[in-house]
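Asks: Work out the full structure: start from the sequences and follow the hints.
2 protein chains.
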Amino acid sequence: MIDFEAFFKITYGLFIVSSGNKTKGNGFISNTVFQVTADPPRFAICCNKNNFTADFITRTGVFSVSILEKDTSPEIMGRFGYKSGRDFDKLQGMSVKYGETGVPIVLNESIAYLECTVSQTIDTGTHLMFIGDLVQSAVLESTKEPLTYLYYRQVKKGIAPKNAPTYIDKSKLEASKPSVTFKKFKCSSCGYLYDEETEGVKFSDLPDSWTCPICGTEKSDFIEV
Amino acid sequence: MIDFEAFFKITYGLFIVSSGNKTKGNGFISNTVFQVTADPPRFAICCNKNNFTADFITRTGVFSVSILEKDTSPEIMGRFGYKSGRDFDKLQGMSVKYGETGVPIVLNESIAYLECTVSQTIDTGTHLMFIGDLVQSAVLESTKEPLTYLYYRQVKKGIAPKNAPTYIDKSKLEASKPSVTFKKFKCSSCGYLYDEETEGVKFSDLPDSWTCPICGTEKSDFIEV
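So the sequence lines, in the order shown, correspond to chains A and B. Everything in the first sequence is counted per our numbering, starting at 1 for the first residue and increasing by one. Everything in the second sequence is counted per our numbering, starting at 1 for the first residue and increasing by one.
If you're looking for bench data, these hints aren't it; they were derived computationally from the structure. Errors might be hidden in some of the hints.
No copy labels: a pair is met if it fits in one copy or bridges any two.
To be verified - Within a straight-line C-alpha distance of at most 20 Å, the following computed EDC-like cross-link-like pairs (lysine to aspartate or glutamate) qualify: (1) Lys162 to Asp39; (2) Lys97 to Asp195; (3) Lys70 to Glu145; (4) Lys49 to Asp169.
Replies: Take a look at the structure:
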């Protein structure tokens, strides 16, 4: 018996993982960044094989991690988490620092960053795990708290995109839940779907100040579907 | 330039990772448990090569993860986090369930658990990373929050043991900080050392209700060293 709800009890942060060079780069929202050894400092990240950034990491052998702040805006989450760099230049207009290896490091709404060179690549199935040796690290905002996946899900009402290691196929989640009537509400701006069943909170119970986690559109501009 | 403080901005949960069989087993406190693929559900853990549990995982090819609750007691943290199973039977007297593979699963102060069979073992240097396919998972307490590493450090004043991937050699941390006068206080029961410099909070500023994060001894029973 597999209870998918158990997966949500694992704590994660939220990060922008970037790769590339000064000419061309890309980044995506990841919740799987973690230290694997203390001496030397080594960090691992997971990346879907279809992910545009995976190509950059494989080609350049470098990646950076921007640790997002608790109040990261829907614009940053939408830009890096729910859109592909194949369609537009995600780094265009962003505040980007280039690391010692030339890798782009996104500074927007980040409290710290890491720069790594890949030492091992592991094929875990649908995803690649890259293990990187630390080149440099810095704190940008010492007083702000990091964004956690739990906070993003519970307070910001965000969902994992399809390429995330923690993405849950809704049909599987539904199969393990009792049958009740839930509604869906669609953002009239970006099309984001708020599903009462997945979220566990009725749309009418959300505060009036609640906005679309993707594009920031007001609650009153959602339409029942 | 490496700022070790940046490492503390990465969010982790805290878990008991166990292995073995119905006859003999062991478990340790880990902060590196994470999902690596969604389909099939696969999870990774990191374990120091010197860790007694690493031997069990290598020999049996199975491990379990107990996701600790926010208010995990100092007794559980001390038993599984700061002592070795080479010296005593950590599972003795604990509430243990044996999984489908026979692996012990610690239920004490846990809100959910996972049971996995090892599919890949990766040598990352001082540590081994085990990637496991999920056999079963369950939620034990749906309303309680998970314990996070940040909460354990900031509120519980806990420190990472020497075998943790996130352990920081105090001399390295000191080198990146300005010089000020800090004191150390020792627990008269278990010998735990409260270091004002590492903790960032003066011992006298801790509330009177504060207790040793390892064994629960009262603040008044600490001695300045």
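Asks: So, for every hint listed, does it hold in this structure?
Replies: Verification of the hints:
{"no.": "1", "hint": "Lys162 to Asp39", "result": "between (34 Å within a copy, 11 Å between copies)"}
{"no.": "2", "hint": "Lys97 to Asp195", "result": "neither (38 Å within a copy, 36 Å between copies)"}
{"no.": "3", "hint": "Lys70 to Glu145", "result": "both (6 Å within a copy, 18 Å between copies)"}
{"no.": "4", "hint": "Lys49 to Asp169", "result": "within (18 Å within a copy, 36 Å between copies)"}
Going through the hint list in order, the structure does not satisfy hint 2, though it satisfies all others.
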